[in-house]
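Q: Given chain G's structure and the hints, the job is docking chain Z onto it.
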Amino acid sequence: MKLFEQPGLEFEKELLEMIVDVCKIPDPVPDDFSPDDPLIGRDSALGLDSLDAVEIVVSVEKKYNVRINVEETSRVIFRSVKTLADYIRKQMGSEPQPAD
Amino acid sequence: MTDTAKTDFTHRHFAHCESGSTSNLLFHYGISASEALVFGIGSGVFFGYFPFLKLNGLPLITYRSFPGRLMKNTAKRLGVGVKGFKFKDPEKGMEALDDMLRRGVPVGLQTGVYWLPYFPPPLRIHFNAHIIIAYGANGNGYLISDPVFDEPVTCTREDLKKARFARGMLSPKGRMFHFAGAPEHIDLAAAVVKGIKETCFMMLKLPVPIIGVRGIKFFAKSIRAWPEKHGKRKALLYLGHAIRMQEEVGTGGGGFRLMYAAFLQEAAAILKDDRLLDLSKRMTVIGDRWREYAVSSARIYKDRASEKDNFNLLSDILLDCAEKEQGLFCDLSEIVR
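Residue numbers (our numbering), protein chains in the order written: chain G, 234 to 333; chain Z, 2 to 338.
There could be a bad hint or two in this list.
[Unchecked claim] No farther apart than 20 Å at their CA atoms in a straight line, the calculated lysine to aspartate or glutamate pairs in the EDC-like style are these:
1) G:K296 to Z:D100
2) G:K257 to Z:D304
3) Z:K206 to Z:D188
[Unchecked claim] Covered stretches of chain G (chain Z as the covering partner; in silico rule of three or more C-beta atoms under 8 Å from a C-beta of chain Z):
4) 244 to 251
5) 257 to 268
[Said to hold, decoys possible] Part of the chain G face toward chain Z, derived, beta carbon under 8 Å:
6) I310
7) R312
8) M325
Hints listed in this document are in silico derivations from the structure and should not be mistaken for laboratory results.
Each residue gets a CB set at the ideal place from its N, CA and C atoms; glycine is no exception.
Next comes chain G alone, as it looks inside the complex (with noise of 0.2 Å):
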């Protein structure tokens, strides 16, 4: 995870580590994957599909009370964790707070 500890990356640390959280992934980050590397699919380091993708929605949903409507566009949303976390903070207008 070395590469999300760059000033500017907390708010992409703190979603990695929820990802991390939530689909239970059972191997360490590797310290190359950068935030701009594939999130989802054959690509990902991380081993997640578009079925943990469905998972990574609701918690996004609950945790900062941004909703990711419809699959398509959630195929872009979910390039990497950059985009996923770019996507986030338009909804929000700002640099996001969770919501609990």
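A: What follows is chain Z alone, placed relative to chain G:
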């Protein structure tokens, strides 16, 4: 393919391909309608469980109307002329497209996602009902408005031909359609009512046990029986497929129920009937319930289920969705009667 005159087409980013493409095409002809409004007028919300139709060897489940229907319904109900074509010969299909583009007419195309090169590789799935708009051509290929992307994209002739003539379930067969101009006057309220009436009919009245609310109930009963009928391994395979159909293959499920809730909210203002606002809230609750079903299913499939997550629970949630949808569509049909 030759360069076409620049068509003044406005690309806008939307959540879903067919409703987004329809909204963009209508906008081109001077009709402003949100994606949710198009989805409702076109009777987009649906449920069908077709155990005898196979996608990748597993039963077809759909949560939206069949490809092309939404666009045709919406155009017809708004009084917009729509012309549709399909082709046996791929080259003739491409020539017909070129001809329309030379005339400056944007064209809706049914395509297979797998062959569209602008999709990132992990997202190129075998789904043959993806609707996009071609609005011109230049030296780089066709100018494409794909509403699930932020910006317009381009696609070469060979790639577009493969996408338009992809084989397999829901094969596009080169289907293309275009609008033939907008009417002077649009009766939006009448279009909304027609859309709602057909949705209620499809969800409540069709005498087929695999469609609408009856279809959801049938699916709920089937899913409860899967572990015993097919064994754990195959039951999990079926379950993974069912969730991918809901959440991945553009067939919606929870997402489409939430879009219909947004439609009902707009319909309340158009028809000046606040009862539709209440139904909109109920539809949001139903959409969330479909999502709960998807999350529990994903947990079971991924072997990280809690004690309460099992096939019986999934069946119970689906039956609850069916009951709630039955109540909602009955009340909705009363309002527009």
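Q: All hints are to be evaluated individually against the structure, with a verdict given for each.
A: Now the hints, each set against the structure:
1. G:K296 to Z:D100: Violated, at roughly 51 Å.
2. G:K257 to Z:D304: 10 Å, holds
3. Z:K206 to Z:D188: Between K206 (chain Z) and D188 (chain Z) the Cα gap is close to 26 Å, so the pair fails against 20 Å, i.e. violated.
4. 244 to 251: violated (count 0)
5. 257 to 268: With 1 residues in contact (Cβ-Cβ under 8 Å with chain Z), the coverage given for the segment 257 to 268 of chain G is violated.
6. I310: Given a least distance of 10 Å, the restraint on I310 (chain G) is violated.
7. R312: 6 Å, holds
8. M325: Nearest chain Z Cβ about 18 Å off; hint violated.
In summary, the numbered hints that this structure violates are 1, 3, 4, 5, 6 and 8.
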